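The whole structure should be built from the sequences, with the hints applied where relevant.
Those protein sequences? They're chains A and B, same order as listed. Be aware that the first sequence starts at 1, since it is given in this note's numbering, and climbs by one per residue. Be aware that the second sequence starts at 1, since it is given in this note's numbering, and climbs by one per residue.
Everything labelled a hint here was simulated from the structure, so no lab data went into it. One or more of the hints may lead you astray.
Because identical chains cannot be distinguished in the list, a pair is counted as satisfied if it fits within a single copy or across any two copies.
Claimed, not checked - No more than 20 Å apart at the CA atoms, straight line, and that leaves these computed lysine to aspartate or glutamate pairs for EDC-like:
hint, residue 1, residue 2
1, Lys300, Asp330
2, Lys252, Asp301
3, Lys311, Asp330
4, Lys211, Glu268
5, Lys311, Glu284
6, Lys55, Glu268
Treat the numbers as computed from the prediction; the structure is a model and nothing was measured.
Number of protein chains: 2
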Amino acid sequence: MKVGSVTAAIALAGAAAATMAFAQTSAPMNPLEEPITPILPPKQIDIGKAELGKKLYFDPRLSKSGFISCNSCHNLSMGGSDNLPTSIGDRWQRGPINSPTVLNSSLNVAQFWDGRAADLKEQAGGPIANPGEMAFSHTLAIDMLASIPAYVREFRQVFGVDTKIDLDQVTGAIAEFEKTLVTPNSRFDQWLLGRSDALTAQELEGYKLFKESGCVACHNGEAVGGNSFQRMGIIEPYKGSMSEGRAAVTGKDADRFSFKVPTLRNVELTYPYFHDGAANTLAEAVDVMGRIQLGRTYTKDENDRIVAFLKTLTGDQPTFLMPILPPSADRTPRPVPFDN
Amino acid sequence: MKVGSVTAAIALAGAAAATMAFAQTSAPMNPLEEPITPILPPKQIDIGKAELGKKLYFDPRLSKSGFISCNSCHNLSMGGSDNLPTSIGDRWQRGPINSPTVLNSSLNVAQFWDGRAADLKEQAGGPIANPGEMAFSHTLAIDMLASIPAYVREFRQVFGVDTKIDLDQVTGAIAEFEKTLVTPNSRFDQWLLGRSDALTAQELEGYKLFKESGCVACHNGEAVGGNSFQRMGIIEPYKGSMSEGRAAVTGKDADRFSFKVPTLRNVELTYPYFHDGAANTLAEAVDVMGRIQLGRTYTKDENDRIVAFLKTLTGDQPTFLMPILPPSADRTPRPVPFDN
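In structure tokens, the structure reads:
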């Protein structure tokens, strides 16, 4: 089934959306005028540093228990998230907030929901030493790494032969790996880049509605979000669980319940949604956002269209060889998985 | 430094072992006469089934919490083990016994330390439904998979278009993936296959001692173990924690404290050692085994040699692309990471 223009496609979509798998639609006249821009492949990556960072990202020895790695809660098999409302930390502690996806996180204006880390490097040190997450300490992490000959050699290779492993190197390497975790080539980006048949009529209608009803005011740019802080509950108060939000960082009362706008890239994979993970499905998330942020109640059809559009934001997932971690040496301190 | 024969190498080794990094030694006259045989690459693998099995192996949605996958305790970045004395299960429960490596487990005479599962397929169903491990149920696991369209399609591709996902297929696919997890090409195998300079003199001496002092009576064959059940503590009782062992399966009192002999392939990576994970280092494990199984106290030099030999058993680790898991559908039951 083919239709020749956006208008024709939209006219057909009302009746046929449910059965129309793929329809030719028009590309934007000028993609640069769209409020969403294509994700670009990573540039200026230090490959050696990123490869070391990949090992560290997957190494559970950076946790007290020896069981939790960065990948435990930002699982690269699962959209860079854990798909849980809030995460599981050391001794099965319940995390206070939903783990945001690591995918495209290099595009965020700041890291964590409240933006308390300026960049990926600053973020990477947080969970390692957080008693509710990996529950280790930076000193113990460095001691562990420095005891493993193959790690020492790899740090030397990346940071110089006279290097002594430090936290700056550890978080720098993890951040370098994370910079590679972008997801270009989504169907939406293909459309932005000129493939006019990359979106169905329903998806394109969803995008128009997403723009026209105001979602795009916050969800825009390369990451479709991630570039501003906004209050959760502008029109109506949010009914889910609340945390202080951005106010914890700025100290300003006006920033209470304000959070970093999450990226919508790969949002199909990063359920459940919101800072508290309270919305299990995209349909629910779109409904709540429409009501409390925009004062708009979407019809079932409208909701379906926006969800269809959102699913076009799933890009190429990072694929790479599972890292093989260097074994501990006899003198490497052993993890403490249990307290007695 | 080169030496022309095993005898010459051994004569030199006493003084020079510590500084001798690599020495040319002789290959066995007839490798087929050695009690250890080379690991062969996997044959007759159903690639589609193994690829599906890889996804299942990495999918934490096969656990109640959505947090624990097969790879959590049999981590393929870490020698197919978790490098913990005993594993961490659902709600951070402490496992009763050390997680054996999944590497080369297809070569085992039976699965689990007590051999209670006949093969990999029977084993794979165990942890999923064990309340102390993944704490799910087979029914819930099947319901979860059947709710995810991309899984349904992949099961159809592998098992036939009119298939209905069942446990037999799930465990069969996981087992097929596990069959690929063999580690050929260790330096020891290179030596067995004729590369005479693959082992140092110290390593070769260690192998001779390993044979002559009786270790090889139990640790032999392709997996250097895994092919018999033996009592832990033949000459002296074992001082660590004991579990019933093989008697739990056979009901015979004579099988108390009897365990499947673990493979020594990749033993450098699979610390800590023994069914209770009580030995942190290879030196300690060799010392204890010598005393309680063989009534022999190795000198420091002898222990060093055997450890050097054991480290030659590290083979090529399985390397593969991290699987990308299909996302849950709206109707997919959500994990239960916390009880309230």
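Checking an output row: Lys55 and Glu268, CA cutoff 20 Å. Within, between, both or neither? between (27 Å within a copy, 18 Å between copies)
Indicate which option fits the pair Lys300, Asp330 if close means a Cα-Cα distance not exceeding 20 Å: within, between, both or neither. Classified as between; 15 Å across copies, 62 Å inside a copy.
Can you give me the call for Lys311 and Asp330, within, between, both or neither, at a CA distance of at most 20 Å? Answer is between: at 13 Å across copies they meet the 20 Å cutoff, but 49 Å inside does not.
At most 20 Å between CA atoms: does that hold for Lys252 and Asp301 within a copy, between copies, both, or neither? neither (40 Å within a copy, 67 Å between copies)
Up to 20 Å CA-CA - Glu268 versus Lys211, copy category: Answer is within; shortest intra-copy Cα gap is 19 Å, inter-copy 57 Å.
How would you label the pair Lys311, Glu284 (within, between, both, or neither) given a Cα cut-off of 20 Å? This pair counts as within: shortest intra-copy Cα distance 14 Å, inter-copy 55 Å.
Of the numbered hints given earlier, the model fails hint 2 alone.
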